[in-house]
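Protein chains in written order, with numbering that gives the first Met the number 0: chain A, 0 to 234; chain B, 0 to 446.
Bear in mind the hints are in silico, worked out from the structure with no lab data behind them. Treat each hint with caution, since some may be false.
As the list claims (entries may be wrong) - Pairs of lysine to any residue residues, derived as SDA-like cross-links and limited to a Cα-Cα distance of at most 20 Å, are as follows:
1. B/LYS361 - A/ASP77
2. A/LYS212 - A/PRO153
3. A/LYS212 - A/VAL196
4. A/LYS75 - B/ALA253
5. B/LYS361 - A/GLY30
6. B/LYS361 - A/ILE65
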Amino acid sequence: MNDFISQALLKPLELLGHQVLVVLPNMLAMGIILLGGCFTAWALGFFIERLLRVIGFDHLCDRLGINAALLRGGVKTDPSRLVGRSLYWTVIVLASIAALGALNLAPINQFAQSLLAYVPHLVTAAVILLAGYFLSNFISRAVLIAAVNAGLPPARLIAACSRWGLQILAGAMAMEQLGIAQHIVVVGFGITLGGVVLAGAIAFGLGATDLAKQFLERRLAPRSKSSTADDLHHW
Amino acid sequence: MSTSLTPLTAQTEARLQEIGSADILVGIPSYNNRDTVEHVVRAVSVGLAKYFPEHRAVLVNSDGGSSDGTPALVARTAVDFQRLFIGDQQSVLHRIVTPYHGIPGKGSAFRTIFEIARRLQVRACAVVDADLRSISPEWVELLLRPILEEGYDYVAPYYLRHKYDGTITNSLAYPLTRALYGQRIRQPIGGEFGFSGALATHYLDQHVWESEVARFGIDIWMTTEAIASGARVCQSFLGAKIHNPKDPASDLSAMLTQVMGALFASMEQHESVWSRQQESQPVPLFGFPYEVGIEPVHVNVAQMVSYYRQGLADLEPIWLQILADDTFDHLRNLQGTAVGDCRIPDELWVRVIYDAAATYRKRLMPREHLLKALTPLYLGRTASFVQATQGLTSTEAEEKVEALCQTFERMKPYLFEHWNPQALQSVRPVLLRHTAATTTAAGGVHE
């Protein structure tokens, strides 16, 4: 009976207690890292946000048109807070990964390592998307103004095409960076671009030359200047 | 103050060594002006020989890389002084033909001319365009004598022009310069100027040679810089200005951008000067004014209105960023009117320009976008001016320009309000005196 109690009940309990004693310091370490991470994240986010406000970061973004771009994208938070919150969540994620690593469990360690290895790709993709967004806004506005000044009736269409073309390109590059359906993205982008070029070529050369000509003349030709040109000297 | 030298070619340096110093310099910026440059060089040579025979004079051609042989033509153009009854030419006219460095444009060409003037320590300079057909030897005297004998630092031209010739001048450059700096210089972007050697050195020392000033912004910049620096300014009556048609490829939008960019940049730089200026004063005019026949100018109003309306439809988000809400609402109210009734009144145009200047200063959007987006608005205003002056004589049309100028002056407090609220505090006493009058006058816009 004593053997039974010792083998069947106490042994597992002893083993469990031993395991708990092994894991407990790690759990404690995880808790401390999480708490420290949360505090660091809050403090860093708070101070960086304040610092950016003091140095006039919001005003600078306003001048550069970033605020307007954020508003257009539905983001109503001001840039200083955005940077502060981004920093906060970055530290939280890093602290969580470090806390999980403190448990020293093989599957969790493996997961944490692969997550850390993915972070540079995530950052690169985010930078590509952001740069693509701002660049597309800048270029589409320049295209719109130039097209209106040239008197092209579909000015807005041309500007929208330039914006979406750049944003799709940036999206494809970001997805490739993240390793999501790499081949599909590249092939899809190639097919789309090739299709547009082929359609244009067929329209011009084979299918409906006259129709394409009339359509393009109607849609793209600037208002006739030769017949009613003036000799106004603006200078 | 900078004392860095503008780079010159080795040949030019050698010529400067040979010449040493001079009293007078006449500069001719050129680019593919084979058809007209010979006439311009002759007129300048005769003018110098006839009116300034006792002075050491230099003619400088600053060329932008012409491919039609313009510089060679300048170098070999000869004048038969005997046939012009000029026998007492006392000094030889030196010629310097040189390419210029820097951003391609008229401003960079002028920079080289200014540098040569500084090296030769000249007392008086003049610049004339190489595409002029109506230049006569008298222009040289009229541009230089006020500097040499009357103690002026800057001579602006005064031309006879058709009422539709020089619309950027009439609707923007003249009224805005006059309202800001208080000097009634009728042709602030005329192209032909006289100035002292000291002013040429002042121009060189400004750090503007990588901006719009290096291109077509040079003319308005020279004028505003002269006034703001406290130079004594005057005008000389030169008669009619007839020049070769501009390059068809030259883009109105680019020209407007360069002139407005230079004007707004000057406003930023000289805020302390114009913010204290309350009223405008006439500027002395030299020469003998007379009437000449001017060729009629055909204008396509419908096309300009069409450009304006497309701008209103397509550039709405951009104009909303540039203009105050009230200003944009009034522009939008013109949308439904017929072509003949689509008119931008003076008050509304002044608001547009003052709003644009304030937005330029605040950098609420890329400046190049802002300036280029104003082209359809300018065309709309030009169409309005043409419609308002159809059937009027040049004198009556000039009265309309005068009315616009007065509106620019009267509404200057509006500019203060939008330009810089802090500046408003410092000029509040002035504003209080003017606000009542402005509110009454601008009331028509709201009604």
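* To do: Of all the hints given earlier, name the ones this structure violates by number, lowest first.
  => When the structure is compared with the hints, numbers 4 and 5 turn out to be violated.
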